[in-house]
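Please work from the sequences and hints to get the whole structure.
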Amino acid sequence: MEYRAPASAQPAVQDEGFFDSLFTSGEPVQEMVILNTPTGFVPSTLNVKVGGNYKLYVVNVNEEKKNVSFVMDAFSEHHATYYGNIKSFHISPKKDGIFSFVCPETSAQGRLVVYPGANPQAPQVRLPASE
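Heads up: the sequence shown at position 110 corresponds to 110 in the numbering used here, and the numbers run straight through without jumps.
Worth flagging that the hints you see were computed from the coordinates, not collected in a lab.
Backbone N, C-alpha and C fix where the C-beta goes; we use that ideal spot for every residue, glycine too.
Worth double-checking, as some hints may not be accurate.
[To be verified] Subject to a maximum C-alpha distance of 25 Å in a straight line, what follows is the list of computed BS3-like cross-link-like pairs (lysine-lysine):
#, residue 1, residue 2
1, K87, K65
2, K66, K87
3, K95, K55
4, K55, K66
5, K55, K94
6, K49, K95
7, K49, K87
8, K49, K94
9, K87, K55
[Claimed, not checked] Estimated spans, in silico, between C-beta atoms of each pair:
#, residue 1, residue 2, range
10, E63, G117, 36 to 42 Å
11, P43, G97, 17 to 23 Å
12, S130, G52, 31 to 37 Å
13, Y115, S88, 20 to 26 Å
14, N67, P43, 21 to 27 Å
Listed below in C-alpha cells is the structure:
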C-alpha cells in the first residue's frame, strides 16, 4: 500500500546552497558588483567573455531613490532593487556585442561588453620572438 501525503502538505524544497552551485557548473563563476548610485551605475561598463559564467550583484546605494528597477533586457533580467539590499543573478553570454542595462526611474545607463572568448586568428602556439 502506497502512503499519500495530505493535499496541504508541501514537499520539502531545499534551496541550492553556495557550495552546491559551485559544483554544478563546469567553469568557475566570476563575480561582479554593480552599484546603483545617485550619479549612475558604478562601474558603468562591464567586460565579459562569450561562454563565461558570471554572477552579478546589483546593490542600490541611492538614498534619494530607495526603490528602483534594474533592467538588462538582452538577458531577460528585471529586478526591483531596494536601498541597501543585494540582488544577484547569473548570466552566461552566448554571443558577442554591446548590451545595455538601465534604471528607468533614475535614467541611469550602463553597458555590458561581451567579447569573443578566443581570437580565431591568433596562433595556437606561441611563436619565438626572434624569427
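Looking back at the hints listed earlier, which ones does the structure fail to meet? none
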